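**Student:** Protein chains in written order, with this note's numbering: chain A, 744 to 978; chain B, 184 to 297.
Bear in mind the hints are in silico, worked out from the structure with no lab data behind them.
Certain hints may be false.
Only pairs whose alpha carbons sit at most 27 Å apart, straight line, appear in this in silico DSSO-like list of lysine-lysine [stated by the list, open to error]:
no. : chain 1 : residue 1 : chain 2 : residue 2
1   : A       : K898      : B       : K204
2   : A       : K921      : A       : K936
3   : A       : K936      : A       : K898
4   : B       : K204      : A       : K815
Values in this document were obtained by computation on a predicted structure and should not be read as measured data.
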Amino acid sequence: MINIRRSNERGHADRGWLNSHFTFSFADYQDPARMGFRALRVMNEDRISPGKGFGPHAHRDMEILTYVLEGKLLHRDSMGEQHVLGPNEIQMMSAGSGVVHSEFNASETEPVHVLQIWISPEADDLEPSYQQVAFAAEEKRGRLRLLAAPNLSEKPMTVIRQDARVYAGELAVHETVKHAFDIERYAWVQIVKGNVSINGQSLSEGDAAALSAERELSLIGIEPAGGEVLLFDLR
Amino acid sequence: MKASPVNVLVVFYSCCGRTEKLALAAAVGAVQARANIRMRRLTDSGEQIPECKEALERMRKEYVPPAQTDAVWADAVIIGMNGKIAGVVEDTAQATAFGRRIVGETRAIKEGHR
Numbered sequence: 744m745i746n747i748r749r750s751n752e753r754g755h756a757d758r759g760w761l762n763s764h765f766t767f768s769f770a771d772y773q774d775p776a777r778m779g780f781r782a783l784r785v786m787n788e789d790r791i792s793p794g795k796g797f798g799p800h801a802h803r804d805m806e807i808l809t810y811v812l813e814g815k816l817l818h819r820d821s822m823g824e825q826h827v828l829g830p831n832e833i834q835m836m837s838a839g840s841g842v843v844h845s846e847f848n849a850s851e852t853e854p855v856h857v858l859q860i861w862i863s864p865e866a867d868d869l870e871p872s873y874q875q876v877a878f879a880a881e882e883k884r885g886r887l888r889l890l891a892a893p894n895l896s897e898k899p900m901t902v903i904r905q906d907a908r909v910y911a912g913e914l915a916v917h918e919t920v921k922h923a924f925d926i927e928r929y930a931w932v933q934i935v936k937g938n939v940s941i942n943g944q945s946l947s948e949g950d951a952a953a954l955s956a957e958r959e960l961s962l963i964g965i966e967p968a969g970g971e972v973l974l975f976d977l978r
Numbered sequence: 184m185k186a187s188p189v190n191v192l193v194v195f196y197s198c199c200g201r202t203e204k205l206a207l208a209a210a211v212g213a214v215q216a217r218a219n220i221r222m223r224r225l226t227d228s229g230e231q232i233p234e235c236k237e238a239l240e241r242m243r244k245e246y247v248p249p250a251q252t253d254a255v256w257a258d259a260v261i262i263g264m265n266g267k268i269a270g271v272v273e274d275t276a277q278a279t280a281f282g283r284r285i286v287g288e289t290r291a292i293k294e295g296h297r
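Could you put the whole structure together from the sequences, leaning on the hints where they help?
**Tutor:** Listed below in structure tokens is the structure:
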């Protein structure tokens with residue numbers, strides 16, 4: 744079964760310096776029917792103006808992934824971490840028992856376009872941690888590049904404290920990638936750029952598909968320029 | 184049934200980041216105790232401290248000063264400032280004034296509900 748969540752159905756907030764689209768309930772956008780999908784709780788697409796950002800604020804009991812599409816994001820937190828995050832990198836902040844952090848556009852001239860993703864952890868009160876991993880753009884072209892999983896694999900990636908695997912994949916027009924599923928698992932596919940067909944359904948940037956009871960996921964890049972997805976393989 | 188979280192306002196004064204670091208630790212402690220937190224930095228008087236230029240500029244950008252809405256929101260307040268008297272008299276006065284404001288506003292709200 745496949746359910747499509749269209750980009751224009753998402754919640755939207757424009758605060759001037761911040762333009763956000765919410766796939767699931769967040770802040771002032773609240774819909775009891777859109778509280779997440781399995782362990783995936785938040786999928787926010789944010790565009791932050793140059794030099795602007797989120798001042799220090801707290802999180803707890805959440806695995807928070809940040810994926811930059813364009814621009815640079817400056818992260819600081821109460822664990823003493825300070826890093827700049829750009830495209831082809833994944834940031835995983837495990838808030839655990841509590842973290843205070845800030846995020847600002849690292850540029851004074853260019854906007855930053857970023858996805859902020861929250862996944863519920865397998866347990867509360869875990870030790871907070873910070874991970875950031877960069878990869879070559881080629882590693883996601885025409886294939887799915889693993890960004891996060893519960894256990895380390897051979898490639899540099901982040902460890903998530905949930906039974907979830909997160910991949911990025913970029914597909915040229917007509918390029919196909921298949922991903923086999925255990926029938927009891929679930930998938931969320933977020934189109935982060937361009938246009939991609941998912942099991943025969945055409946999706947565009949900002950759209951997403953929720954899959955359940957499927958044995959295979961088939962992703963095909965479609966006109967005019969293919970696209971990029973984030974895939975969440977969930978329990 | 185879970186108790187509703189306490190709202191904790193962390194107000195601090197810092198120019199070089201040392202008190203900010205302690206305020207952050209206090210805020211994390213409050214979060215660990217399952218409180219909601221807001222962090223607010225008291226506005227400085229335009230200090231020029233060459234060795235702290237970077238921290239000062241960053242904090243001026245990252246934090247906003249406490250507002251009346253924060254005082255109304257807060258169930259508890261943590262105040263962080265340099266313990267040395269020299270050079271912080273104004274800051275102490277600022278924080279004390281803020282404390283008075285919180286008390287006054289909280290009293291007004293409570294009296295309004297009676």
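**Student:** Would you list, in rising numerical order, the hints stated earlier that this structure does not obey?
**Tutor:** Of the numbered hints, just 1 does not hold.
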